[in-house]
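Visitor: In order, the protein sequence lines correspond to chains A and B.
Last residue of the first sequence: 157 in the UniProt record's numbering, with the numbers rising by one and none dropped.
Last residue of the second sequence: 157 in the UniProt record's numbering, with the numbers rising by one and none dropped.
Quick caveat, the hints were computed from the structure, so don't treat them as lab data.
Any given hint could be a false lead.
[To be verified] No farther apart than 25 Å at their CA atoms in a straight line, the calculated lysine to aspartate or glutamate pairs in the DMTMM-like style are these: (1) A:K87 - A:E66; (2) B:K155 - A:D144; (3) B:K87 - A:E100; (4) A:K155 - A:E66; (5) A:K87 - A:E100; (6) B:K155 - A:D91; (7) A:K155 - B:D28; (8) B:K87 - A:D27; (9) A:K87 - B:D28; (10) A:K155 - B:D91; (11) A:K155 - B:E47; (12) B:K155 - A:E145; (13) B:K155 - A:E100; (14) B:K155 - A:D27.
[As the list claims (entries may be wrong)] According to the in silico footprint, chain B covers these stretches of chain A (three or more CB under 8 Å from chain B): (15) 38-44; (16) 48-55; (17) 83-91.
[What the hints assert, rightly or not] A partial selection of chain A residues facing chain B, derived with a Cβ cut-off under 10 Å: (18) M78; (19) L95; (20) V127; (21) T137; (22) L138; (23) R146.
Small disclaimer: the values here were computed from a predicted structure and weren't measured.
Where is the CB? At the ideal position from N, CA and C, for every residue including glycine.
This is what each chain is made of:
Protein chains: 2
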Amino acid sequence: MSRVGLGTAAPLAGATAAAAAPTYRLDDQTGFLLRQANQRHAAIFAEGIGCDLTQTQWAAVSKLAETGPVSQNRLGRMTAMDAATIKGVIDRLRLRGLIESRADRNDGRRLLVGLTEAGRALVTATVPHALAVTEATLVPLTADERRMLAALLRKLA
Amino acid sequence: MSRVGLGTAAPLAGATAAAAAPTYRLDDQTGFLLRQANQRHAAIFAEGIGCDLTQTQWAAVSKLAETGPVSQNRLGRMTAMDAATIKGVIDRLRLRGLIESRADRNDGRRLLVGLTEAGRALVTATVPHALAVTEATLVPLTADERRMLAALLRKLA
DNA sequence: GACATTCCATTTGCGCACTAACAATTGAGT
DNA sequence: ACTCAATTGTTAGTGCGCAAATGGAATGTC
């Protein structure tokens with residue numbers, strides 16, 4: 001074993017004594033489970049999305065396809081990104097020619113963002129893959145469980 | 001409105017035509033819901049953990065408190081971090097004096113990592129906050145729903 | 001008109017999280 | 001003994017995600 005000043009004798013199988021502290025098991029904590037579920041989904045996404053887009057980039061372009069041009073910050077709110085994050089995402093998408101932006105004539109603060117022709121084409125081509133990614137993520141669950149999960153996650157968000 | 005070459009007329013209320021593409025609503029996708037739930041939990045964690053630790057840092061020290069000293073990569077596996085990620089986390093924790101590491105006498109590749117006295121004290125003091133964070137995250141759910149959520153997330157991970 | 005408030009976009013800094021490549025070590029097979 | 005594969009730890013690079021600070025612009029009230 002060789003405990004050389006590092007660590008305690010872990011009170012794992014501890015019967016009675018020294019277990020004064022409330023027991024805390026990382027693997028039972030909601031945050032830890034959420035992080036792991038997220039990681040698995042991220043892996044499935046990267047594997048199956050079929051183009052070189054990250055989850056957040058896909059969120060941005062697919063939401064733009066839903067709504068048409070909107071201001072940068074508003075797009076951030078619709079995709080659950082703060083102003084600093086959406087800026088980086090938009091910059092990278094614009095660099096790749098999927099998005100273009102221009103000033104809003106009616107509001108000097110706003111930067112209107114919209115898909116380019118290439119961006120629209122990519123969204124159209126990628127929607128089936130995105131649906132397949134969600135399907136693959138949910139494979140371990142039955143139809144009832146999927147509905148339940150969605151409802152529960154919505155309550156949490 | 002002023003559509004100046006940006007975006008399409010979004011087929012939102014589209015009755016029949018032009019809706020050839022399968023409908024895709026970002027807000028219904030599991031990955032998007034997972035990300036938002038994660039974000040809310042992260043905010044609750046940062047607010048309530050009571051010390052200057054991130055979620056992953058807390059995962060590392062609390063798991064070390066559970067198990068006692070282990071190798072760096074093994075700790076990473078137990079906390080769902082890859083080798084590159086756990087290294088950064090360990091480095092920052094060691095810099096703060098919460099963790100110390102030494103070579104494994106039996107395996108020249110391994111780096112044994114364990115809590116310092118300060119690290120153990122911090123874990124003891126923080127466990128109640130961590131439990132409160134999980135509780136606060138789950139506030140929108142009933143007891144039955146919480147059990148269901150945990151079971152579903154475990155199936156996904 | 002002057003003012004505070006609010007909103008928008010940007011920038012900097014920190015910390016995860018992953019990929020890819022690399023060197024050192026170990027252990028098992030031959 | 002020697003090769004080979006696997007494991008361990010490290011580094012570099014890219015991309016989210018947030019906080020905090022800045023500056024410009026719109027909106028409201030006095």
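Visitor: If a hint holds in the structure, say so; if it doesn't, say that too.
Guide: Comparing the hints with the structure gives:
Taken as a hint, the A:K87 and A:E66 pair is honoured in the structure, with Cα atoms around 19 Å apart against an allowance of 25 Å. Proximity of B:K155 to A:D144 is assessed by CA-CA distance (about 14 Å); at most 25 Å being required, the pair is judged to hold. For the suggested pair B:K87 and A:E100, the alpha carbons sit about 39 Å apart, so the restraint of at most 25 Å is broken. For a cut-off of 25 Å, the pair hint linking A:K155 to A:E66 stands: about 24 Å separates their Cα positions.
For the hint linking A:K87 to A:E100, the alpha-carbon distance of about 13 Å falls within 25 Å, and the restraint holds. Our distance criterion of 25 Å between C-alpha atoms is broken by B:K155 and A:D91, whose separation comes to about 36 Å. With a C-alpha separation of about 13 Å, the suggested pairing of A:K155 with B:D28 holds against the 25 Å cut-off. With a C-alpha separation of about 21 Å, the suggested pairing of B:K87 with A:D27 holds against the 25 Å cut-off.
Of the pairs offered as hints, the one joining A:K87 and B:D28 holds, with about 24 Å between alpha carbons and a cut-off of 25 Å not exceeded. Distance hint between A:K155 and B:D91 is unfulfilled; the C-alpha atoms sit about 36 Å from each other, more than 25 Å. For the proposed pair A:K155 and B:E47, the alpha carbon gap of about 20 Å is at most 25 Å, so the pair holds. For the hint pairing B:K155 with A:E145, the CA-to-CA distance comes to about 10 Å; that is within 25 Å, so the pair holds.
A threshold of 25 Å between alpha carbons decides the hint, and for B:K155 with A:E100 the separation of about 41 Å lies outside it, so the pair is violated. Proposed proximity of B:K155 and A:D27 is supported: the alpha carbons are some 13 Å apart, at most 25 Å. Check on the region 38-44 of chain A: 5 of its residues sit with their Cβ under 8 Å from a Cβ of chain B, so the three-residue criterion for coverage holds. Note: the region 48-55 of chain A has 1 residues with beta-carbon separation from chain B under 8 Å; the three-residue rule is not met and the coverage is violated.
With 0 residues having a Cβ less than 8 Å from any Cβ of chain B, the region 83-91 of chain A misses the three-residue criterion, and the hint is violated. Contact between A:M78 and chain B, as hinted, is supported at the beta carbon level, the nearest pair being about 8 Å apart and thus within 10 Å. Taking 10 Å as the C-beta contact cut-off toward chain B, the hint placing A:L95 at the interface is violated, the least distance being around 17 Å. At about 5 Å, the closest approach between the beta carbon of A:V127 and any beta carbon in chain B falls short of 10 Å, and the interface hint on this residue holds.
Satisfaction of the interface hint for A:T137 is found here, the shortest Cβ-Cβ separation to chain B being roughly 5 Å, below the 10 Å cut-off. Hint on A:L138 holds. Least Cβ distance to chain B is approximately 6 Å, under the 10 Å limit. For A:R146, the suggested interface contact is upheld, since its CB lies about 8 Å from the closest CB of chain B, less than 10 Å.
Hints 3, 6, 10, 13, 16, 17 and 19 from the list above are not met by this structure, while the remaining hints are.
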